[in-house]
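A.B. asks: Assembling the complex is the task here: the two chains are given apart, and the hints tell you how they should meet.
So the chains spell out like this:
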Amino acid sequence: MMTTLLVAKQIMMTLYSKYEVYITPLLKFILAFITLLLINARVGYMDSIDKITVVLIVALMCSFMPMNFIVVVSAVFILLHLYAFSLECAAVVGVGFLLMFLLYLRFSPKDTLVVVLMPVCFAMKIPYVIPLAVGLVGTPASAVSVACGVIAYYMIHYVAQNASVIAAMADEETAAKFRFIIDGLLNNKEMVITIAAFAITVIMVYLIRRLSIDYAWTIAMVAGVVVNIMVLLIGDLMFDTNVALLGLIFGHIVALLLTTVLQFFVFHVDYSRTEKVQFEDDEYYYYVKAVPKVVVSRPQKKVKQINSQRSKTVQRTRSNH
Amino acid sequence: MLNEKRVILMTKMASYEANDGRKNVAIGNYFRSDYIGWQVLKSIISATIAFVVVFGMYVFYNFETFMTDIYKMDLWEFARNILSYYLWTVGIYAVISYIVYTVRYNAAVKSLKVYHMNLRRLADMYKQ
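From first to last, the protein sequence lines are chains S and P.
Numbered per our numbering, the first sequence spans residues 1 to 321.
Numbered per our numbering, the second sequence spans residues 1 to 128.
Since the hints were derived computationally from the structure, they do not count as laboratory data.
Every residue, glycine too, gets a C-beta built ideally from N, C-alpha and C.
Wrong hints could be hidden among the right ones.
[Stated by the list, open to error] Derived, one-sided and incomplete: chain P residues facing chain S with beta-carbon distance under 8 Å:
1) Val-7
2) Ala-14
3) Ser-15
4) Ser-111
5) Val-114
Just chain P, with the same shape it has in the complex (with noise of 0.2 Å):
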């Protein structure tokens, strides 16, 4: 025998898990500091990879300053400066980073909890 309320609570449930739930879902089965650890990094490759696009862009830009300079020049200031420029952009970044994944992890478990007591519900239910 059918039962209506069940059908009705199972169904918004399984609407839930197909749109706005997905994600939320995904990002509930990790642990706070995994979750937000592993996106962290996956910014700092993401700038990483940007900060060598934009230096290689810088170097080709200025390609002959640098042939001519290539022997007067400091390379191990040069060096430097660019190290600098690199920890600052990555670490900005990941600062950036990690306070948008914390803010997405929390919303996500807050909207799980209602997600979660559905579930003890439809238990409720079932036993009944």
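Chain S extracted, bound-state conformation (with noise of 0.2 Å):
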């Protein structure tokens, strides 16, 4: 069983080296397409951009441009959507994107991605995930974008929670709406909640996973999911945010699994990409292609021929250049 997924892995690295520059543009596009289909699901209020074959132009652009263009791309959606349902909702959460971009994400460019698939996640029901593959791959900074992730999904599920309400309102009650919105972000207890115990998690996660003992990055993944799990509780003894157990428990032992699966193909791989790259000297151009080696030793096959009336044993050995 181990040697079949060890062979698995192998031959994904094999692909992706190989592939490389078809592979990532299609999960760039992947993940845009669902980041875009989401946000038109949850916050579709502009006709005009709630259409398929607008995200799928919108998602096929990103999967040519850097990964934080999905992010700003993600940010412009769900504002135009919220301008076109209320002027003060746009204003909070632009206001609220702004600080993000403004006070921590200029800094650390490279956890941009989880402010997004954060919100993505929460839709999926798999939110527990991200803090501990973040808290296995990341710093304890990435607690931050962490935070940022969720602050932007709860203020997206605010203002979709309570649209029948800010509707209700009148266009005369500016600074009314304006200050409901705000209460409401401000005031969201579950939303803090889940702040502390992902940040607690992400370091938590992190500082296990470094430490030099057998089978550290599971000990702190199962850590981790421990701590989630008691500091949620924690909060909902002390707030009283009504968190189901079961669906807590579950949604744990979920994101344990999927998080494995994760550590075994993706953070414990060096998927080194082949390169191309471009000099010269006095005497030449040169253009080289660097291509990663890669040894697949796949388990040897015996192929048995009982037709025949002496059978042979076959064995056939393949290596993969």
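C.D. replies: Have a look at this one:
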């Protein structure tokens, strides 16, 4: 079983290094497509961008742009939808995004993706994967990225949940609408507890996985899950946030399984890419394609012939270049 | 005649320049104090914009209170409080920026050391 998995991992590495030029844009396209679809499903107030054709075109654009372009496009989509719904909502959420960008994201553009993945995972009901995964591959500072992602999700969630109340308020009550939205966001205990739980989990997982002990990564994941559940339950006891215990435990088991899969196939693997570089010296122009060496040792296959009178065993060994 | 060792070294260096090295080479072009000072200045500008935006939100949120109390308020005291909040916010943010960019500069210089060593090796190969 383990050998099969290891071989699968090797094959994935080979495939990735061979077709990296197609796989990376495809993954970016899928992420952008899912993100924009989820945004449209949740706050699709502007009809002109709430169309599958628009989503497809923008997702295609994202596939050829840097990863952070997905973040910008998602933010623009959200703000346009909210602007179509209510100017006050767009203003408050826009200020939230601006503060995140000015104060944190310009420091660590690599972490920006977490801010998109967090709401996506919330929408797909697997939010607990993110703090575990980020703790395994990130730094303690990534806790801030996770917090930004949680805030982004709860801002959209709050507006979507209270859309009817906000819509019922008269247009003249701009200040009242504004206060209603800000009060709702600042007094959201569930958001505060989630941020605290996820931040503690990220730091905890990071600290444990760096210990020089056997199975540090597995221990870190399990400890992260336990800590996350504990903090969320303590928060529930303190602020009465109505956490569903069964859902919480089931969600964490799923998160643990998903993170284990990620750890095996993504985090522990060096997906070295094929590099194409150009340089020159006094004599030549060099156009070099550097292909990473990947040695795939597949298990030996035994082919037994039973239809002929004398059965023989043929052993074949394949090696991939 | 192509020198295989030289091509391998040049390929590795070109790959570094195209990926991780791009940022480090850009950082390495600055003097330490220039780089950190410039980044901290950018942080101060960011923090100032963020503070102005948050203050604008605060004023709009409490607009009615401000309108009714504007003549009763000690405006000097209010301005002093706002200024002290501003200085604290920007000060703390600048210190954090200073630490982050100092660490980044040191890491970039360390990484560039290997790159410069490879450059010297390459130069030696050409001399041979």
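A.B. asks: Which of the listed hints are broken here?
C.D. replies: The structure conflicts with hints 4, 5, although it agrees with all the remaining ones.
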